[in-house]
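K.L.:
Protein chains in written order, with the working numbering: chain A, 1 to 288; chain B, 289 to 780.
Read the hints as simulated data drawn from the structure, not as lab findings. All C-beta atoms, glycine included, are put in the ideal place defined by N, C-alpha and C. A few of these clues could be false.
[As the list claims (entries may be wrong)] With the Cβ distance kept under 10 Å, some of the chain A side facing chain B (calculated, not the full set): (1) 137; (2) 139; (3) 242; (4) 247.
As a plain string of letters, each chain reads:
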Amino acid sequence: MARLPILKTPKCLVGGAFIRSESGGVYPIHDATGAFLANFPQCTRKDLRNAVEAAAKALPGWAARSAYNRGQILYRLAEMLEARAQEMAEALAPGRKPSADALREVHAAIDRITHYAGWSDKFQGLLGSVNPVASPHFNFTVTEPVGIVGVLAPEERPLLALLSLLLPIITGGNTVVALASHSQPLPAILLGEMLAVSDLPAGVVNLLTGNRADLLPTFATHAHLRALSAVADARERTDLQTGAADSVKRVTLLPSESPIDWFAERQQGLYHIRDFVELKTTWHPVGA
Amino acid sequence: MASKKPANPARELLFGDLWEFDPAPESASPHIAPRYDLFINGKFTPPRSKKYLASISPRDASKLSEIAIANAADVDAAYKAAAAAFPKWSALPGAERGKYLFRIARLLQDRAREFAVAETLDGGKPIRESRDFDLPMAAAHFFHHAGWADKLAYAAPGRSLAPLGVVGQVIPWNFPLLMLAWKLAPALACGNTVVLKPAETTSITAMKFAALLGEAGLPPGVVNIITGGGDTGHAVVTHPTAAKVAFTGSTAVGKAIQRALAGTGKRLTLELGGKAANIVFEDAPLDQAVEGIVNAIFFNQGHVCCAGSRLLVQESIADDVLRKLKLRMRHLRVGDPLDKNTDVGAINSMAQLERIRALVQSGLDEGAELYQCPASLPSKGFYFPPTLFSNVTMSQRIAREEIFGPVLSILTFRTPDEAVEKANNTDYGLSAGVWTDKGSRILKLSSELRAGVVWANTYNKFDPTSPFGGYKHSGFGREGGRQGLLEYAQLV
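This is chain B alone, in the form it adopts within the complex (with noise of 0.2 Å):
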């Protein structure tokens, strides 16, 4: 009687455990100022204020420069800007107003490289993400909306399309620069002008690219940034010209925002949080899906509104995904954002990384059961390694609340029909994910999912002609494509 052997464990490269890798930063200069002013009526212009705040780097929790800090009056000055600025650029040809977002587009090209490494030190972002994912996609939305601007009448059939007047933005620290460009684009094309806040610790690029419309020769007041902390934006959604308040971020501020404009008569579209299911189904390609699902939630740190952060396994397939998964995290190299090796880089700040960390106790004190990939992270800075929970049922606080960190929870389902009702049982419905090998099981699931975006057998996808955004509490209006354009315009 020959004894069993013991099967062979699959032999695993793990070249970060063998080998360290040699440092490859990138070189390339971020050209980052000491001090960055408001951009008001095409000039930079010290605040009144007399106010700035420290712009701090996630990569090294160094100081990178200072933001002005604007207060109501330099609100109402860029307001101003904005509303002089109107009569003209609204009456400009469409075809003019394009060829400025052409020249945007391809000024944004030119300095790529440049602006990807300010993003990086900036917000924290890997250097592989801002090079080849946010700059890219920041152009190629400036570049499809130029061709909209001299189009409109194309836009809404039956009715010819009308600015709004001055827009009010206000824009997160996830995307710093290609949330400005999504914002930008659209309300340009259509003959808006601009007042935009970008985000507290994210504003180095926005301030760049304001001197970039200046080489662009963009008009003075069409667009105007100026930067703060909350009363800013406060000042910023609430000032009597705005006839458009247009507002990404979290949902509490988005709720606040809708009743700040309560019987204002103004617009609003809100692009607001998320709780996304992942879903995989026990025929989907899984090496495949492992790459989705880690693509899914540690992009971007998981600062991601549409961040795949419920991952829903069907439970024939549950013990194999979770080990793929945890083999594919240790895979993951977390690390200084700036070198190009690095799959996952810092946490925004330091007030981000405490909330991770509240909600990932939260998960441990729920009873939830944590992996996390035996990593080594940089002694300075804002870093938390990939975090898998599994065990996780729908109650506890991981699988309800956005944690906006690269934070997974693990739940498992048996029947299509329980994943839609997992993946639905949310106040969020910002996009879903769906793997699966069936054509028709992914029709059929997108149309019962109450999500604005679907990505079959892909997550993360964007792309300046395709809508996005969220139904109930992940907002309302969306961005990109047609329908993203009429956001910024009156049917008349």
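Next up, chain A with everything else stripped away, as it sits in the complex (with noise of 0.2 Å):
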């Protein structure tokens, strides 16, 4: 007789645990043969100022780590994304035996945690300045998380995407509160299971899983995010960056009309670093 299998039940990551809506709301999710695969979150509002508080939490200790210790953190990602690279494949076209294409994302995207672990140490160091001022000063500007910053993920490519738009943000100290691909969540929940297990601590990724248009108006509005990066339509630019002004956050956005190529070089780097950190000068005296 067959053995009937186990299924797993998504849940997201928020704050170091794993959790359903508050709400209880579910939205189901088919693979490719149109057989049922399972109920994921349909997370709320009030689930996002949660895993905003989670967020803002996580962030003083995240800030404070060293350098050094987020590269081995991001690094320690790459090989839990490696160990599980299969699994991942089959989770970005579930129902379907892997493509090469599924397998390809799934290593550009460990590669791109690799560049970003690489990065944790270096960032500052070309972003910032010792200032030759005119006056007996020692001048220096130096680089600071933004703070907590808020993701919106495109449909396609649910894992490169993400983790595109995630990496430079917590390599430059700053915590997420993200909200993954509504049509392929697969990838962000078992990308959750991951980050929980690297020595990420609590609540510096949060990953929801919902209704874009429910959750994009809580995204622009929350004062404690002092930035946003998403992958958004001409409405929702709009939107987000109306939505943003009352408490001057930084906007970063990619227009979701063309097709990005995630894969490209550009889509990694050093001043997607630059569009979540602060920049803070000091004048310090040189005297006796």
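Assembly of the complex is requested from the two constituent chains, each provided in isolation within its own frame, with the hints serving as guidance.
P.N.:
Given below as structure tokens:
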């Protein structure tokens, strides 16, 4: 007699815990064959606010980690994903045999994590400076995390795009609340499991699934989110920036109308980190 | 039993009380024209609106000049000129563009005194400040950025820089010419062309600067300067040709601009308000700190976005600091900004004077304790005496809202943690001051204060090489240094 397998209930990583929506709401996802895959949490604005709170708790500790330590933790995440690459490739196309394309996405994602693991102790020197002011002061500019950052991932490339948006933010010492692809949420659920065992402190990355239109206004207006990074259509871009104005948030947007090559070299690097750091200039007196 | 003699109070020399100072007005001519038109495509052009506003000198409330009011069609003409000038200007070799900026720096230095007098007459700041700070610093900004124009390849490792196109810039009235320099110099160095709007009450030095551009031989249309009020500003920031908008001013207007630009894809940098904490620890050199406190809040009549308007004093020295501060304030000379002995000049406008008065009244209503130095203010013009509030709590309006005037609110703290918590308990995050003898404490505080600029044992220092700008509701983007330069370029 064939054994009946145990199915996994998808849960979101928030504050280091795996949660269902506080509302109890779910939405079903079907696999490539049309068969029922699972019910995913339909996260609400309340879930989002709770996630922001978790991210706020995690922020001081994460920001204070040494650059070297952040790099080690990111590299550990790459190790976790490499070890479960096959499973992740299956999650990218549930119900089908993993395609070469799915594996390519997973491998690119792993390499992207490694790329940022290496940036953790280098961006400061390149973005900051010692400034030759004309008065007797040692004047220097350093980077600091901007704070809690909201991420709205696109529908496509549910792993690589999500990670490409997340990684520069956490590399910079910020914490994140991200909304995963609505139509392909499984990779984000799996990523959550890997983040939870990668030595990343609880609350540094919080991953929600659910309806974008429900959550977008709260992402835009939540005063504790200091920046947003989103792939968004024209109307969403207007809404995000309009909502962001009241708390003077920084908003980094990629238009969803034109296809984005997430594999491109340009989708990673120093200047993505720069979007989510503050620059602080200190004037220190020089004298006896 | 010898009874203890009461200690003699320290003898004080309060010259202001004993002798009148002879007037020492700066005598250089400001060469202010009776009327200023718009500067579009290298020519002074009457506004299509046919309207002018009176430019009032806050020094004596007299009319200095008439300033054109640009309407939407004028703004459009300015953008057309800037767009037409862009291809040639951006294609110039960087070294050539740089030479124009060097010329501008030199021409400003040549006529620094004349511009300083005009700045003082127009804005009300003491001649000592416009002469020794605004003008030299404006020239330095052009000089610094001139050198960037042919070195852009070094500004962003791994990438090269390209200009953005036409940039729309709106600047405030507190440092009219200096803010113009902060905006124009990096924009031009990167190869952009510009439409700039000075503040309604302080347009004169910008228009004098426009004339100087002709002398520098700057190609027509590269810089267009248009004047007017809020409607003109709105037309400048919302014009479809603007690839980027840069604004320095109030947080309320900054938010409105961010909203107005939503969905346009335009770049935006905002340098907005502040409510800076100036933190004095018990080990600070007190006399030096008192000088710093005075400079932090009374520099430019407190019309400074990064003014140290919240003084946080460690409880153990609060009485001492307050006593020394009151004494020091009595030595401040308040009055005619054109007088070379004046420390605190005129409030920029009647509207601003009323705002200051209203906030000071709120401080009294909410129970704070007021001290103002005895000063006889000129009978004409807009003046407000240096003011200090003690017994202030964090919830009072004078501790939360930007006053933008010579009004200091004093609070106390016991531990460094409490100082940081109080300092950060504000929506703003532009600047902060730390006074202590301990270097390690300076660096710790600096890393904990959520503010873009931290001054240790000094205050209100600026330099073209040093990035300036805020956290939180004080805006985003930096001005000055490599970081500021990059706000005017796209990475390719």
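K.L.:
For every hint, state whether the structure bears it out.
P.N.:
Each hint tested on the structure:
{"no.": "1", "hint": "137", "result": "holds, 7 Å"}
{"no.": "2", "hint": "139", "result": "holds, 5 Å"}
{"no.": "3", "hint": "242", "result": "holds, 4 Å"}
{"no.": "4", "hint": "247", "result": "holds, 7 Å"}
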